[in-house]
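Colleague: Sequence:
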Amino acid sequence: TSDPYVKFKLNGKTLYKSKVIYKNLNPVWDEIVVLPIQSLDQKLRVKVYDRDLTTSDFMGSAFITLTDLELNRTTEHILKLEDPNSLEDDMGVIVLNLNLVVKQGDFKRHRWSNRKRLSASKSSLIRNLRLSESLRKNQLWNGIISITLLEGKNVSGGSMTEIFVQLKLGDQRYKSKTLVKSANPQWREEFDFHYFSDRMGILDIEVWGKDSKKHEERLGTCKVDISALPLKQANCLELPLDSCPGELLLLVTLTPCMGVSVSDLCVCPLADPRERKQIAQRYSLQNSLKDMKDIGILQVKVLKAADLLAADFSGKSDPFCLLELGNDRLQTHTIYKNLNPEWNKVFTFPIKDIHDVLEVTVFDEDGDKPPDFLGKVAIPLLSIRDGQPNCYMLKNKDLEQAFKGVIYLEMELIYNPVKASLRSFMPREKRFTEDGRKLSKKILSRDVDRVKRITMAIWNTMQFLKSCFQWESTLRSTIAFVVSFLFHFQFILFFFFLLLSLKYKCRWVLFYKQETEGYVFNLAEIYTYKKFSLQM
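The sequence shown begins at 1 in full-length UniProt numbering and counts up one residue at a time.
Please keep in mind that the hints were generated in silico from the structure rather than gathered at the bench. C-beta: ideal position from N, C-alpha, C; glycine also. Be aware that one or more of the hints could be misleading.
What the hints assert, rightly or not - Label-pair distances were calculated between CB atoms; the ranges are: (1) MET393 <-> VAL28: 44 to 52 Å; (2) ASP242 <-> LEU98: 41 to 49 Å; (3) GLN233 <-> SER156: 30 to 38 Å.
Kindly produce the complete structure, drawing on both the sequences and the hints.
Modeller: So, in structure tokens, the structure goes:
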């Protein structure tokens, strides 16, 4: 599946970006957008992308010739998506209803007069609010899926020597520990996934084997529809494997999650005395034995950054922040063309381990390309001082050297010390496994061309050597013979000088014995002059 969205571009500028339709190869956007056109000689480009967390993959594009549109008439256009760097002929189609109208003079003057009155900061604020709301809806999970991988039953591993399991829910991936192959492997591992109620909750489970040469092979698969499971109830599932005999035994629990949120400074959760009191009561000592996984809550105010690195040719950057706490990730909106952005956003995270480290990374949005790194800071939870605004110097990716710029954060931590202490004696939460790099058709085509060129070079070299030995060209074969003779003559000289050096070190004793049929030569032992004497 893919997470497609659409961009409308004119003269290289993005006029509109649609919403993201998650996990769908036949998305329906049903959006209405009005695009200003200055001239009908221009071509409007429609580009489709697959959204990932930090980058977007190109899925094809199409052009709209504006001169072909009929005035004041809505027509349906089915545009075939194309990618010149792709090896696939069928990239899919996109369906648009287009209507070309002429803007009235009064409307046009009114629109441009309003634009003059709007300051650049206000217009960017409106755009940032729209993007912020879209990001907020796409990021927030409203449930936690706890999956305990218990064991396998009668799993056939064939010639494999080791076995492990991969679990995938959307973009979230886990890999179990690797066990020695057996019919009933015992994993006894627990994994937590984020659950989004507005997305397809299909859990994909794959059983993999590994042979003695470390070659991996998928043995079997099974699926679980999370949305069909009841809430707050441990569900014991015995799942048969496809294309492989055997079963997997799982324990799946879906619990609501209320500790994650994204908001503005004006609606800060802990700023409300009534809500703060409820949260403090939930994590008080008298509730230490309730819901042992819910340790506490962390509130992070991402205020602003200053003196960031200029990542664009214009001397500006398009910065946004990515906050990570364990497997939880939240992101701010992007502030365009600014080295001193002010986000003024409040994020709350549920705490699963008091020994976790909050990582705040600043990136530069680079259109359809992966974002550029602008700096990073890591803050252990136990070092947080409640309600104290702090200025942190950004560092490089390894957190070893200072980077350009600073970021201003304000954090507050509320947790239950008893739960946090007990959690310290349990294994740390496993991190999501990184999604394998997607196959790039452009890189694959380039590598195929490289292999072809190398193969042709080897073939031509072999044909040249063959022609030299077969004397197809007298001159070429003569030159090859002389070069070969000189090369082998060097080895003859080398062995000659080696024998001369041995002349003064040892001698050969040759005994001969005359017999009736001829002479028989026997090679005697080698003796050195200094240590042994020859007895005849």
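Colleague: Can you name, in rising order, the numbers of the hints this structure does not satisfy?
Modeller: Failing hints: none at all.
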